[in-house]
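Note that the protein sequences, when read in sequence, are chains D and L.
Under the numbering used here, think of the first position of the first sequence as -6, with each following residue one higher.
Under the numbering used here, think of the first position of the second sequence as 8, with each following residue one higher.
In short, the hints are calculated from the structure, not lab data.
No experiment lies behind these values; they were computed from the predicted model shown.
A hint or two may mislead.
[Unchecked claim] If you want the footprint, here are the derived chain L segments under chain D, 3+ residues with CB under 8 Å:
| hint | region |
| --- | --- |
| 1 | 63 to 69 |
| 2 | 129 to 139 |
[Claimed, not checked] Pair by pair, the computed Cβ-Cβ distance ranges are:
| hint | chain 1 | residue 1 | chain 2 | residue 2 | range |
| --- | --- | --- | --- | --- | --- |
| 3 | D | ARG86 | L | GLU246 | 45 to 51 Å |
| 4 | D | GLY3 | L | GLU84 | 41 to 47 Å |
| 5 | L | LEU30 | D | GLY3 | 25 to 31 Å |
| 6 | D | PRO23 | L | ASP270 | 18 to 24 Å |
| 7 | L | ARG131 | D | ASP25 | 20 to 26 Å |
| 8 | L | THR108 | D | ASP25 | 41 to 47 Å |
| 9 | L | GLU268 | D | VAL7 | 23 to 29 Å |
| 10 | L | ALA38 | D | VAL111 | 19 to 25 Å |
| 11 | D | GLU43 | L | ASP74 | 40 to 46 Å |
[Stated by the list, open to error] Straight-line Cα separation of at most 25 Å, SDA-like style, residue types lysine to any residue; simulated pairs:
| hint | chain 1 | residue 1 | chain 2 | residue 2 |
| --- | --- | --- | --- | --- |
| 12 | L | LYS273 | L | ILE132 |
| 13 | L | LYS273 | L | GLU204 |
| 14 | L | LYS214 | D | THR114 |
| 15 | L | LYS214 | D | ARG119 |
| 16 | L | LYS273 | D | GLU18 |
| 17 | L | LYS214 | L | VAL200 |
| 18 | L | LYS214 | D | GLY117 |
| 19 | L | LYS273 | L | TRP202 |
| 20 | L | LYS214 | L | GLU224 |
| 21 | L | LYS214 | L | VAL261 |
| 22 | L | LYS214 | D | LEU115 |
| 23 | L | LYS273 | D | ILE21 |
| 24 | L | LYS214 | L | VAL229 |
| 25 | L | LYS214 | L | ASN198 |
| 26 | L | LYS214 | D | GLY113 |
| 27 | L | LYS214 | D | PHE116 |
| 28 | L | LYS214 | D | GLY125 |
| 29 | L | LYS214 | D | PHE121 |
| 30 | L | LYS214 | D | VAL126 |
| 31 | L | LYS273 | L | ALA53 |
| 32 | L | LYS273 | L | ALA164 |
| 33 | L | LYS214 | L | PRO186 |
| 34 | L | LYS214 | D | PRO124 |
| 35 | L | LYS273 | D | GLY19 |
Just so it is clear, CB atoms sit at the ideal spot from N, CA and C, and this is done for glycine as well.
This is what each chain is made of:
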Amino acid sequence: MNRNVGFALGLVIVAVILQSALFGEGRIQPFDASPNLVLVVVVATVRYLEPEPALLVGFTAGLLMDLLGGSPLGLWAMAMTVVAFLTLRVRDRADDGPFTVAVGVFALSVAAHTLFGVLGTLFGQRFFADPGVLRLMIVPGLYNVVLAAGVVPLATRVMRARDARRWVA
Amino acid sequence: MLPSRRFERSTGLFVLLLVTSFLVTTFDVRADGAGVGDTLREGAQALFAPVQRLADSLTRPIVGFIDGVSNIAGLREENDRLAERVRGLEQEQAEVLSLQTQLDELRKINDLAPPDELDAVTARIFSNGVSDLDHIRWIDRGTDDGILVGQAVIDEAGLIGRVDFVADDSARIRLVSDPRLGVGVRDLATNEVGWVEGQGGDFLTLKMFNAVEPVHEGDLLVTDGTRFPPGITVGTVRETASAEVGFQLISSVVPAVNLSEADFVKVIVGWSPLDATQPVDEEQPARGNPLIIEQ
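Construct all of the structure, not just a fragment, from the sequences and the given hints.
As structure tokens, then:
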């Protein structure tokens, strides 16, 4: 399990670096919104972790986003911890099929961005000064579903393979 | 279904992490750019900046390709717009030549030295924020190159933003589009002063508290020299507006800089807001525009 946690954390670090290099203003940002790769990776990996490490992976991912982004420390950490917690609560439903996973990723994305916006506003960040803020809550969710189509099966395959190797050993 | 004891433990950890995050945010906001939060950011930058630069150099061609493909449809429209703009500029150029002659004469009359060239450090943007709600850029210059918090960042078109965090070899710029950044501006057409704030989107908000004259669409706004060096182009007024009695004037502004296309930037390291209030010494004039200092 520890190796899986390490693998999940490694994926999260790669995702944070790719997020800041690939997406956002001046990079890939169709219709002025960009996906949240880190969130997709958190959702894809914490499904295969024990609850406590899963929450810590979510928290660490958010903290890294805060450290490399412009928001106060702890805002994304809060949002991503909630994402990890909600993913744990509904992970059994993921076996229902890809449509359920897509709906789940979309709902978690919207919830995370909304939570981040509300918390940020409470801490004086004025996120809601942007007239297009509603679009920034919803459109990334749609992009995340597209990203999840690639990331979730990949993470599933790798994490299951690692689990299988562990049981054989 | 998880065993109840396990679930209770994870719920406890969940609450603990939320409380920790909440406290961390509170301390970071209260510290306002100082304290443990910034130490952690410096550490993270020292660790991740080299990797981010590598990722930036690897992904730049991909981003450029995708950007190019997505822009093909808009190129014809852009071409027409630019042709129209060139015609307008040719007209303006003739007017500017006339004004330049007048300015030269005025300079001779007032015996004013031209403003000193401000020292600047050229830097390249290597990273964005991590979400659409982040209006920041990371540049590859830091304290080692003389960058300090509060310095203005410009490109050839005008003001990009302000340095709000510095590590040894990188710095974070808060863009003019960020709702938390305010810029004191002067309307060149009326000489009225006001305040421009980001909205997070494509346009900025202009507020003038004591304006007598209205602002007109197309008026050029430049920094007034309070927190940024004077005379830097900020943008143009988007809508004509006037102040009603007892109310402030509010309008919107098109930023001079296309923030999504900014790549190389200049950080002005040779100017401090304190310079704006220093008396002009004839032997050693203060940096900045002497016209503004005298006000």
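Structure-based check of each hint:
1. As drawn, the region 63 to 69 of chain L meets chain D at 4 residues by the rule of a beta-carbon pair under 8 Å; at three or more, the given contact holds.
2. Only when three residues or more bring their CB closer than 8 Å to a CB of chain D does the claim for the region 129 to 139 of chain L stand; here the count is 7, and the claim holds.
3. In this structure the hint that ARG86(D) and GLU246(L) lie 45 to 51 Å apart at CB holds, the actual value being about 50 Å.
4. Distance hint for GLY3(D) and GLU84(L): a CB-CB separation of about 44 Å, consistent with the stated range 41 to 47 Å.
5. The beta-carbon spacing between LEU30(L) and GLY3(D), approximately 28 Å, falls within the hinted interval of 25 to 31 Å.
6. The hinted range of 18 to 24 Å is satisfied by PRO23(D) and ASP270(L), whose Cβ atoms lie roughly 20 Å apart.
7. Judged by the Cβ atoms, the range 20 to 26 Å given for ARG131(L) and ASP25(D) holds: they are separated by roughly 24 Å.
8. A beta carbon spacing of about 44 Å between THR108(L) and ASP25(D) agrees with the range 41 to 47 Å that was offered as a hint.
9. A beta carbon spacing of about 27 Å between GLU268(L) and VAL7(D) agrees with the range 23 to 29 Å that was offered as a hint.
10. The given range of 19 to 25 Å is respected by ALA38(L) and VAL111(D), whose C-beta atoms sit roughly 22 Å from each other.
11. The hint said 40 to 46 Å for the Cβ distance between GLU43(D) and ASP74(L), and at roughly 42 Å that hint holds.
12. For the suggested pair LYS273(L) and ILE132(L), the alpha carbons sit about 10 Å apart, so the restraint of at most 25 Å is met.
13. Between LYS273(L) and GLU204(L), the direct Cα distance comes to roughly 21 Å. Compliance with the 25 Å bound is thereby established for this hinted pair.
14. For the hint pairing LYS214(L) with THR114(D), the CA-to-CA distance comes to about 22 Å; that is within 25 Å, so the pair holds.
15. For a cut-off of 25 Å, the pair hint linking LYS214(L) to ARG119(D) stands: about 17 Å separates their Cα positions.
16. Using a Cα cut-off of 25 Å, the hinted pair LYS273(L) and GLU18(D) holds, with the two alpha carbons roughly 19 Å apart.
17. Under the criterion of a C-alpha separation no larger than 25 Å, the hint pairing LYS214(L) with VAL200(L) is consistent with the structure, at around 9 Å.
18. A hinted pair counts as satisfied when its Cα atoms are at most 25 Å apart, and LYS214(L) with GLY117(D) qualifies at roughly 20 Å.
19. Proposed proximity of LYS273(L) and TRP202(L) is supported: the alpha carbons are some 23 Å apart, at most 25 Å.
20. Simply put, LYS214(L) and GLU224(L) have alpha-carbon atoms about 15 Å apart, close enough for the 25 Å limit, and the pair holds.
21. With a CA separation close to 14 Å, the supplied pair LYS214(L) and VAL261(L) stays within the 25 Å bound.
22. Restraint check: the Cα-Cα separation between LYS214(L) and LEU115(D) comes to about 24 Å, which is no more than 25 Å; the hinted pair holds.
23. A threshold of 25 Å between alpha carbons decides the hint, and for LYS273(L) with ILE21(D) the separation of about 24 Å falls inside it, so the pair holds.
24. Restraint check for LYS214(L) and VAL229(L): the C-alpha separation of about 14 Å stays at or below 25 Å, so the hint holds.
25. Among the hinted pairs, LYS214(L) with ASN198(L) is consistent with the structure: their alpha-carbon atoms are about 14 Å apart, no more than 25 Å.
26. Using a Cα cut-off of 25 Å, the hinted pair LYS214(L) and GLY113(D) holds, with the two alpha carbons roughly 24 Å apart.
27. Only pairs whose Cα atoms come within 25 Å are accepted, and LYS214(L) paired with PHE116(D) is accepted, the gap being roughly 24 Å.
28. The straight-line distance between the Cα atoms of LYS214(L) and GLY125(D) is roughly 20 Å, inside the 25 Å bound, and the hint therefore holds.
29. Using a Cα cut-off of 25 Å, the hinted pair LYS214(L) and PHE121(D) holds, with the two alpha carbons roughly 18 Å apart.
30. Between the alpha carbons of LYS214(L) and VAL126(D) the distance comes to roughly 22 Å, so the proposed pair stays at or under 25 Å and holds.
31. Between LYS273(L) and ALA53(L) the alpha-carbon distance is near 22 Å, which keeps this suggested pair within the 25 Å criterion.
32. For the suggested pair LYS273(L) and ALA164(L), the alpha carbons sit about 11 Å apart, so the restraint of at most 25 Å is met.
33. For the suggested pair LYS214(L) and PRO186(L), the alpha carbons sit about 13 Å apart, so the restraint of at most 25 Å is met.
34. Our distance criterion of 25 Å between C-alpha atoms is met by LYS214(L) and PRO124(D), whose separation comes to about 17 Å.
35. For the hint linking LYS273(L) to GLY19(D), the alpha-carbon distance of about 17 Å falls within 25 Å, and the restraint holds.
The structure is consistent with each of the numbered hints, conforming to all of them.
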